[in-house]
Amino acid sequence: MVSLNSLKNLKQGGQPTKWKNTPTKAIRIPVIFEDKILAYAQQLDLCLSSDNHNNNRSVQKFLIEIANKIDNKEKGYKSNSASQLIKDLKDLIKEI
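For the sequence shown, position 32 matches number 32 in full-length UniProt numbering, and the numbering has no gaps at all.
For the record, the hints were derived by calculation from the structure and aren't laboratory data.
A few of these clues could be false.
[Claimed, not checked] In the PhoX-like style, the derived pairs of lysine-lysine whose C-alpha atoms are separated by at most 25 Å in a straight line are:
hint, residue 1, residue 2
1, Lys90, Lys75
2, Lys25, Lys36
3, Lys36, Lys69
4, Lys18, Lys36
5, Lys36, Lys61
6, Lys90, Lys73
7, Lys87, Lys73
8, Lys61, Lys87
9, Lys75, Lys87
10, Lys20, Lys36
11, Lys94, Lys61
12, Lys73, Lys61
13, Lys61, Lys75
[To be verified] Estimated spans, in silico, between C-beta atoms of each pair:
hint, residue 1, residue 2, range
14, Leu92, Leu44, 27 to 33 Å
15, Ile86, Arg28, 37 to 43 Å
16, Ile32, Gly76, 34 to 40 Å
17, Ala67, Cys47, 28 to 34 Å
18, Lys61, Thr24, 29 to 35 Å
19, Asn68, Thr24, 48 to 54 Å
20, Ser83, Cys47, 26 to 32 Å
All residues carry an ideal CB built from backbone N, CA and C; glycine is no exception.
Turn these sequences into a full structure, and let the hints steer you where they fit.
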């Protein structure tokens, strides 16, 4: 039987998620591990989100540097037969 107190504690519409990576899933774990697993999962969630963002920014910065070197025809970055690669790199920069 469901307790009336349990029903009172339910919020209308649910709670907004505190997780950066979604969707989430409820799992069953031994109670003794609950705090450590939750702390690890939250740490992992924060790291993955910031890592992905930082990696995207790093890749974008690196690609822009390459494109600038190609445009300036720096040593080792002359277009020669790599014109399609150069075009693809520039298109990729625009999409990021």
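Structure-based check of each hint:
{"no.": "1", "hint": "Lys90 <-> Lys75", "in the structure": "holds (19 Å)"}
{"no.": "2", "hint": "Lys25 <-> Lys36", "in the structure": "holds (17 Å)"}
{"no.": "3", "hint": "Lys36 <-> Lys69", "in the structure": "violated (48 Å)"}
{"no.": "4", "hint": "Lys18 <-> Lys36", "in the structure": "holds (17 Å)"}
{"no.": "5", "hint": "Lys36 <-> Lys61", "in the structure": "violated (37 Å)"}
{"no.": "6", "hint": "Lys90 <-> Lys73", "in the structure": "holds (15 Å)"}
{"no.": "7", "hint": "Lys87 <-> Lys73", "in the structure": "holds (15 Å)"}
{"no.": "8", "hint": "Lys61 <-> Lys87", "in the structure": "holds (17 Å)"}
{"no.": "9", "hint": "Lys75 <-> Lys87", "in the structure": "holds (19 Å)"}
{"no.": "10", "hint": "Lys20 <-> Lys36", "in the structure": "holds (19 Å)"}
{"no.": "11", "hint": "Lys94 <-> Lys61", "in the structure": "holds (12 Å)"}
{"no.": "12", "hint": "Lys73 <-> Lys61", "in the structure": "holds (18 Å)"}
{"no.": "13", "hint": "Lys61 <-> Lys75", "in the structure": "holds (20 Å)"}
{"no.": "14", "hint": "Leu92 <-> Leu44: 27 to 33 Å", "in the structure": "holds (29 Å)"}
{"no.": "15", "hint": "Ile86 <-> Arg28: 37 to 43 Å", "in the structure": "violated (53 Å)"}
{"no.": "16", "hint": "Ile32 <-> Gly76: 34 to 40 Å", "in the structure": "violated (58 Å)"}
{"no.": "17", "hint": "Ala67 <-> Cys47: 28 to 34 Å", "in the structure": "holds (30 Å)"}
{"no.": "18", "hint": "Lys61 <-> Thr24: 29 to 35 Å", "in the structure": "holds (32 Å)"}
{"no.": "19", "hint": "Asn68 <-> Thr24: 48 to 54 Å", "in the structure": "violated (42 Å)"}
{"no.": "20", "hint": "Ser83 <-> Cys47: 26 to 32 Å", "in the structure": "violated (39 Å)"}
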